[in-house]
Amino acid sequence: MNRILAISGKELRLYFLTPTSYFAFAIYILMSSFMFYVDFVTYQPSIIDYRLILSDMLFMLLIVIPILTMRLVSEEFRQGTDELLLTSPASVTEVVLGKYLASLGVLMMLLVCNLVYPAVMSLFGNLNMLTLWLSVLGVFLMGASMMAIGLFASSLSQHQMVSAVAGFVLLLLFWLAGSMTSQNETLSAWIEPFSLPDRISNLTKGVINGPDVIFYVSLAVLFVVLSIQVIERKRWR
Amino acid sequence: MLEVKQVSKKYDGGRGVQKIDFSMQRGEIVGFLGPNGAGKTTTMRMITGYLYPTEGIITVDGLSVHDEARKARSKIGYLPEMPPLYPDLTVDSYLKFVAKLRGVPAREQKLRVAEMVSRLGLNGRERQSVRHLSKGYKQRLGLAQAIIHKPDLLVLDEPTSGLDPSQIIEIRSLIRELGENHTVLLSTHILQEVGALCDRVLIINRGELVMDGAPDEIGARMENRFAVTLEVGGERERIETVLGRWAEARGITAEIRTGPPEAGENPVTSLAIDGSEANSSAASTAAPDQDRVSEKGESIMSSDNTKISTIEKTHSENPESLALSNTQISGSVRALLTAGDQQDFRVELFRLLAEADLPILELHKENLTLEDVFLKLTSDPAASAAEDSTVADKPVSLNRSDGAASSETTDSPDANSGGERE
Chain W
1 MNRILAISGK ELRLYFLTPT SYFAFAIYIL MSSFMFYVDF VTYQPSIIDY RLILSDMLFM
61 LLIVIPILTM RLVSEEFRQG TDELLLTSPA SVTEVVLGKY LASLGVLMML LVCNLVYPAV
121 MSLFGNLNML TLWLSVLGVF LMGASMMAIG LFASSLSQHQ MVSAVAGFVL LLLFWLAGSM
181 TSQNETLSAW IEPFSLPDRI SNLTKGVING PDVIFYVSLA VLFVVLSIQV IERKRWR
Chain Z
1 MLEVKQVSKK YDGGRGVQKI DFSMQRGEIV GFLGPNGAGK TTTMRMITGY LYPTEGIITV
61 DGLSVHDEAR KARSKIGYLP EMPPLYPDLT VDSYLKFVAK LRGVPAREQK LRVAEMVSRL
121 GLNGRERQSV RHLSKGYKQR LGLAQAIIHK PDLLVLDEPT SGLDPSQIIE IRSLIRELGE
181 NHTVLLSTHI LQEVGALCDR VLIINRGELV MDGAPDEIGA RMENRFAVTL EVGGERERIE
241 TVLGRWAEAR GITAEIRTGP PEAGENPVTS LAIDGSEANS SAASTAAPDQ DRVSEKGESI
301 MSSDNTKIST IEKTHSENPE SLALSNTQIS GSVRALLTAG DQQDFRVELF RLLAEADLPI
361 LELHKENLTL EDVFLKLTSD PAASAAEDST VADKPVSLNR SDGAASSETT DSPDANSGGE
421 RE
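Line by line, the protein sequences give chains W and Z. Take the first sequence: its position 94, counted from the start at 1, is 94 in UniProt numbering, and no numbers get skipped. Take the second sequence: its position 281, counted from the start at 1, is 281 in UniProt numbering, and no numbers get skipped.
No lab work stands behind these hints: they were computed from the structure. Mixed in with the good hints there might be a few duds.
[Unchecked claim] Only some residues are given here: those of chain Z computed to face chain W with a beta carbon under 10 Å:
no. : residue
1   : T54
2   : G56
3   : T59
4   : R73
5   : P84
6   : V98
7   : K100
C-beta atoms are modelled at their ideal positions from N, C-alpha and C, and glycine is treated no differently.
Please work from the sequences and hints to get the whole structure.
Encoded structure:
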């Protein structure tokens with residue numbers, strides 16, 4: 001556990017020392033506040049409901065997460081620091097979990113940034129707190145699974161850009177799973193359950209649906225395990 | 001301490017290492033030599049657990065690097081060829097991270113980091129980011145990273161590459177210091193480094209271990225000739241005739257070099273290598289040695305004739321030879337004498353020249369340097385196979401030469417083997 005914390009501490013520190021993450025945060029805040037302005041201020045009458053701006057936030061995650069996860073593993077390979085990590089007493093599982101933990105920390109920060117908007121809304125009327133917090137939980141779960149996918153993409157290549165693009169493509173596939181197959185009913189019945197944004201709708205309605213939570217958690221576990229396997233495999237090259 | 005048992009690693013490209021087998025005792029400093037791509041880094045990566053071997057077992061203190069990875073790895077400190085540094089972290093935070101990662105107890109971490117900083121001369125740079133360190137300091141930080149958890153075994157992959165001479169000296173003295181408490185395996189392709197640091201040398205070529213022994217021992221083991229450089233004072237013609245007659249009778253190759261000693265030094269050593277190669281090739285092809293000697297003698301004579309004028313010229317310019325003429329020595333001749341049979345002929349030579357009243361100004365035994373050994377072992381496979389055969393012949397040739405010396409016949413392997421047949 002100490003080693004996991006050591007690695008996630010190092011990763012978080014690096015997040016705040018590299019310009020890429022500031023860039024990602026800047027894009028995220030700029031775009032989401034712009035969308036908030038369009039949806040809440042210029043669109044009249046102003047409806048006091050967090051869910052109205054939630055879809056914007058989810059869309060922003062699709063762009064920001066690959067940028068935030070791309071360096072997690074790629075950069076280690078490129079700098080040769082994987083030799084330090086893989087020859088240390090820490091196992092690959094500990095290394096990957098440490099990195100994943102750090103990415104969850106960053107996700108929390110993104111969510112906190114986003115809470116500014118409901119705070120502004122609450123100045124103008126009453127906000128339904130239950131749907132707000134359940135929506136935030138839903139976004140966290142979805143973001144956590146997306147971070148795992150990004151982490152996996154990062155372990156595939158030692159070039160950050162390749163990792164970012166691979167991560168984006170993977171996320172896009174999960175994102176569009178529902179709408180891609182809407183023409184064919186039997187196919188969509190198979191594919192639709194894997195759609196990332198569709199699973200969040202129950203939570204935003206104030207209902208915690210077991211399968212939805214399990215879907216996000218198992219997706220995250222699957223991709224963390226895959227990342228561990230990809231890195232472990234390099235020892236056998 | 002470290003046991004590498006029949007370890008192989010196969011890559012897709014067909015490179016890799018085959019059946020590497022060696023062990024290291026506690027407190028040893030072992031140099032790992034080999035040309036680029038021979039498999040040094042692969043072997044070191046397998047020892048440190050970065051790569052798993054395709055076959056074979058590696059144990060550190062009896063712990064398998066593969067099966068008891070965590071325990072085994074905590075006993076190893078590893079400095080890869082490229083120091084594994086995070087350019088964005090500061091020196092302090094980097095070392096703290098490594099200390100945590102390597103499981104240094106929490107209350108000792110601060111102390112250990114401070115110890116590393118002062119020990120490796122990183123004082124005043126704790127807050128500097130790694131990116132802005134110079135190459136030498138990066139290397140030191142890399143070394144600090146490898147020893148922060150006080151490992152039993154230290155594996156260093158080319159620790160002095162890319163450093164300037166003063167930094168190299170510093171790092172070397174550090175390694176020597178570390179060798180007192182740790183077992184060190186270091187790879188390099190700087191040969192003097194091995195001589196300066198190591199108790200033992202492993203030479204690897206094309207993925208196979210080709211030599212294992214102490215640096216000075218290796219030279220002797222590979223030696224299949226006896227060579228001395230000689231400087232004799234006196235008249236040129238007399239020396240030539242005296243030496244030439246004796247050399248021919250003893251079957252010794254005499255190569256008479258001329259010119260000022262400083263300039264003459266390099267050609268002599270290079271010729272020494274040439275000579276040995278000529279010997280070995282002659283031995284392997286079993287050509288009649290007698291012919292070779294006489295051929296050489298002729299060629300030497302002819303080259304001398306053309307060079308006499310230049311000697312005289314250089315001697316008149318050379319302050320050392322002026323000093324010599326003050327002590328009433330009219331001139332001097334340098335010669336390289338090579339016996340293919342390892343017979344020590346120095347006493348004989350001294351008596352010969354003393355009788356002829358020719359003073360020996362300098363007599364130096366030519367040793368096969370580590371460079372020569374390295375080149376011999378790592379040159380193309382056909383040549384090294386030939387070398388192996390001559391090495392294998394060596395004890396036999398020793399016996400023969402004893403017989404040859406007593407009977408005062410030539411030392412040619414052909415003639416000797418003929419004698420053996422009798």
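Point to revise | Structure versus earlier hints, numbers of those that do not hold, lowest first | key: 2 and 3
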